[in-house]
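Protein sequences, first through last, are from chains H and A.
In terms of the numbering used here, the first sequence is residues 419 to 824.
In terms of the numbering used here, the second sequence is residues 419 to 824.
Just so you know, these hints were derived from the structure itself, not from any lab.
Possibly wrong hints are sitting among the right ones.
Said to hold, decoys possible - Below, in silico cross-link-like pairs of lysine to aspartate or glutamate (DMTMM-like), each with a Cα-Cα straight-line distance of 20 Å or less:
#  : chain 1 : residue 1 : chain 2 : residue 2
1  : A       : 787       : A       : 469
2  : A       : 787       : A       : 675
3  : A       : 526       : A       : 806
4  : H       : 787       : H       : 469
5  : H       : 592       : A       : 584
6  : A       : 709       : A       : 578
7  : A       : 809       : H       : 551
8  : H       : 593       : A       : 591
9  : H       : 420       : H       : 507
10 : A       : 593       : H       : 591
11 : A       : 526       : H       : 553
12 : H       : 749       : A       : 551
13 : A       : 592       : H       : 591
14 : H       : 526       : H       : 750
15 : H       : 526       : A       : 625
16 : A       : 593       : H       : 596
Stated by the list, open to error - Pairwise CB distance ranges (calculated):
#  : chain 1 : residue 1 : chain 2 : residue 2 : range
17 : A       : 793       : H       : 580       : 40 to 50 Å
18 : A       : 469       : H       : 419       : 57 to 67 Å
19 : A       : 764       : H       : 529       : 39 to 49 Å
20 : A       : 783       : H       : 805       : 48 to 58 Å
21 : H       : 812       : A       : 626       : 14 to 24 Å
22 : A       : 759       : H       : 461       : 50 to 60 Å
23 : A       : 713       : H       : 757       : 19 to 29 Å
24 : A       : 749       : H       : 812       : 51 to 61 Å
25 : A       : 766       : H       : 502       : 49 to 59 Å
26 : H       : 757       : A       : 766       : 39 to 49 Å
27 : H       : 790       : A       : 505       : 42 to 52 Å
Unchecked claim - Which bits of chain H does chain A cover? Going by a derived footprint, with three or more residues having C-beta under 8 Å, they are:
#  : stretch
28 : 592-600
29 : 616-624
Yeah, the Cβ is synthetic: ideal placement off N, Cα and C, and Gly gets one too.
Number of protein chains: 2
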Amino acid sequence: MKIAVLGGDGFVGWPTSLHLSDQGHEVHILDNLSRRWIDTELGVQSLTPMDSIQERSRVWHAETGRRIHFHLIDLAKDYEILKSWLAAERPDAVIHFAEQRAAPYSMKSDRHKNYTVSNNVNATHNVLNALVEIELDAHLIHLGTMGVYGYSTIGAAIPEGYLPVDIETLSGEKKRQEILYPTRPGSIYHMTKSLDQILFQFYAQNDGLRITDLHQGIVWGTHTEQTRRHAQLINRFDYDGDYGTVLNRFLIQAAIDYPLTVHGTGGQTRAFIHIQDSVRCVELALLDAPKRGERVKVFNQMTETHRVRDLAEMVATLTGGRIAWLPNPRKEAAENDLIVENRQFLDLGLQPITLAEGLLSEVVEVAKKFAYRVDRARVPAVSAWTREIGKLVERDPEGRALRSVS
Amino acid sequence: MKIAVLGGDGFVGWPTSLHLSDQGHEVHILDNLSRRWIDTELGVQSLTPMDSIQERSRVWHAETGRRIHFHLIDLAKDYEILKSWLAAERPDAVIHFAEQRAAPYSMKSDRHKNYTVSNNVNATHNVLNALVEIELDAHLIHLGTMGVYGYSTIGAAIPEGYLPVDIETLSGEKKRQEILYPTRPGSIYHMTKSLDQILFQFYAQNDGLRITDLHQGIVWGTHTEQTRRHAQLINRFDYDGDYGTVLNRFLIQAAIDYPLTVHGTGGQTRAFIHIQDSVRCVELALLDAPKRGERVKVFNQMTETHRVRDLAEMVATLTGGRIAWLPNPRKEAAENDLIVENRQFLDLGLQPITLAEGLLSEVVEVAKKFAYRVDRARVPAVSAWTREIGKLVERDPEGRALRSVS
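So that you can see chain H by itself, here it is in the shape it has in the complex (with noise of 0.2 Å):
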């Protein structure tokens, strides 16, 4: 297959891109290399060093024969220049990585929440609409996230995308519908992502888009098979407050021996998925694509799930590092359940790798590889949801004073 993956220079694109490669097809990475402008933003870095996109695919060449293609094009802006770019290349499927993925950076300021979501919005819509205007039958593939459910706890499992309910008619009776699972976004990425949704449901139900959405859980986990092949090959890591996720930020910060952030009580239960099983998803989705006219078909790619303390603890036993609680400078539910059914992944074939096989100590020996490239002073989460809420997150567990945007 010819594959388009949009935002191929990502944490989660990149080892995709690496991985279909490896699978022998045709990958051509669109990115506007927004994550490396972010980083020089927020002066941060990938605690792994990061080639460019250009020298990695280089290397992905030398190592393997195969050629990894890349094209800068911001897709949120240059509709004109996609739109030509899919009618003259025509693959055979997208495969969308391209949004702002850090709910904290999106809580940052009005710029960062005006920037997420005209960005992620655009990006979206102009694939959607250059699809449909180059009458282009590829199969979209999106990476959305299980934040569109909302942390509540429901009494009732997540089904994948579509809850049954019913309803109650004029005479009276009940009758069973299967609804787009409404909606409860925490923040303004994951907000974006239940905009998306709705442009799916529309594109598929008006122009027969066949479209694929991957509800993920958080990534664990920094190697993949091909990653691990070529120092110059690995993938971005992120340690900093905005754009580090809770279990690998665990594992970076006992290897620097920095205390374990636990936000709130860290009673909030999440899901979360190995890396190594989120690019297999990726490829399971894309060999299952829905029928034209099918309503969009939505995958919950995550493989268990686990409270943020619990994690805490478990990290803190095997490494020996301590637990700092701190403020939470989100608006959510202090404590939640989460039950996620994820049967259409293991029916596929997915042997989940879970967090007690472990590949937990990898990550820790990665991060002291390069604990000399840590800033401690862009661990702690600075992102508040308000401004009242912000007020509370004043200090850092080393004591330093702390500022959401210098």
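Assemble chain A onto chain H, guided by the hints.
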């Protein structure tokens, strides 16, 4: 109250501004005058000769001694200007009409789809974002559409925004929840109003913004009490295939001896409201603001439902016109029922103006007076929902060849 009317130069915005000014409120119109630019783009004009917003405001002042202030701001693009204006003026309420509002225009081409999505989403988000940023607790009233509910027969009444459903819990019991009505918009335009709903839900939940969303039916009529006071205060009145709406179009078509254009079987059932009731409803909503922390208040702003072919037959009987049965350029159910709850406005004292009591002939009179301004070539609806449907929309009822975009 000091009230900002965003999009106050438009078809509902202008009479609303007059009505509120007449009630003694301090009215500020913020508008980029995009409707006038779109007229220019499409080569059409309001059937009624419409003066500049500055001239209209001058006439209003001369007639009543009251001022309506005008500020040329592009809400979708000029976030910083909007924010500064709101911070300086700190209005008590913000009424948001500032979106591209024609479904056919939104489906005309990829450019029009992108414009509608980008303009509407960014305008709405900029307003929400600015209110939070400057900590302004103004009541935000947004003009939505009945179209977010979708137009398929579901056998249940359309509630005002929130649908009670039964969900099966883990223990097998049913649990009652009220959810935001599962949206099923039928055009890019309607879709943007569904996106707005998600934005409103988030900002009410995260930031406690006080928001009212008015799901309006199809507006008919042209005059309100205030627009009648002076020839230059007249409202705009659209007859073209993109911006003209169904009942008004029938009345204009009858006035100029053009066949009444019914698309498909005419079995579509739609909700209607007279422009005079529309501005009254906005006022009623204004005085009934939700409290801080409450969920978004949703009203169904409509007073009656009718099947399109019944309206055509009624107008044909009234005026002696004939009906042209044309292919439907929209992708929609050929026939649908529509039962809509609208208790909230009735409870607040709305006394609906219905078709039977009729202001129908007034509309025909206005249309006849300005019939010399009609370009008959602009009457047909030519914007098709898909390329396949577009092939069917070939000729107007008078035999002219049609093109969607010139």
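Results for each hint:
1. A:787 - A:469: holds, 17 Å
2. A:787 - A:675: holds, 13 Å
3. A:526 - A:806: holds, 14 Å
4. H:787 - H:469: holds, 17 Å
5. H:592 - A:584: holds, 9 Å
6. A:709 - A:578: holds, 18 Å
7. A:809 - H:551: Holds, at roughly 15 Å.
8. H:593 - A:591: holds, 16 Å
9. H:420 - H:507: holds, 8 Å
10. A:593 - H:591: holds, 16 Å
11. A:526 - H:553: Roughly 16 Å separates the two Cα atoms, so the pair holds.
12. H:749 - A:551: Distance of about 17 Å is within 20 Å: holds.
13. A:592 - H:591: Cα-Cα ~15 Å, so holds.
14. H:526 - H:750: holds, 16 Å
15. H:526 - A:625: Holds, because 14 Å separates the two Cα atoms, which is no more than 20 Å.
16. A:593 - H:596: This hinted pair holds, its Cα atoms lying about 16 Å apart.
17. A:793 - H:580: 40 to 50 Å: Since the Cβ atoms of residue 793 (chain A) and residue 580 (chain H) sit about 47 Å apart, the hinted range of 40 to 50 Å holds.
18. A:469 - H:419: 57 to 67 Å: Taking Cβ atoms as reference, residue 469 (chain A) and residue 419 (chain H) lie about 59 Å apart, which means the hint holds.
19. A:764 - H:529: 39 to 49 Å: holds, 44 Å
20. A:783 - H:805: 48 to 58 Å: About 55 Å separates the Cβ atoms of residue 783 (chain A) and residue 805 (chain H), which means 48 to 58 Å holds.
21. H:812 - A:626: 14 to 24 Å: Cβ of residue 812 (chain H) to Cβ of residue 626 (chain A): about 23 Å, so the range 14 to 24 Å holds.
22. A:759 - H:461: 50 to 60 Å: holds, 54 Å
23. A:713 - H:757: 19 to 29 Å: Roughly 25 Å apart at Cβ, these two residues keep to the hinted range, so it holds.
24. A:749 - H:812: 51 to 61 Å: 55 Å Cβ-Cβ, so the 51 to 61 Å window holds.
25. A:766 - H:502: 49 to 59 Å: holds, 53 Å
26. H:757 - A:766: 39 to 49 Å: With Cβ atoms ~42 Å apart, the hint holds.
27. H:790 - A:505: 42 to 52 Å: About 45 Å separates the Cβ atoms of residue 790 (chain H) and residue 505 (chain A), which means 42 to 52 Å holds.
28. 592-600: Answer holds; 6 residues pass the 8 Å Cβ test.
29. 616-624: Contact hint for the stretch 616-624 of chain H vs chain A: holds, 6 residues under 8 Å.
When each numbered hint is compared with the structure, no violation occurs for any of them.
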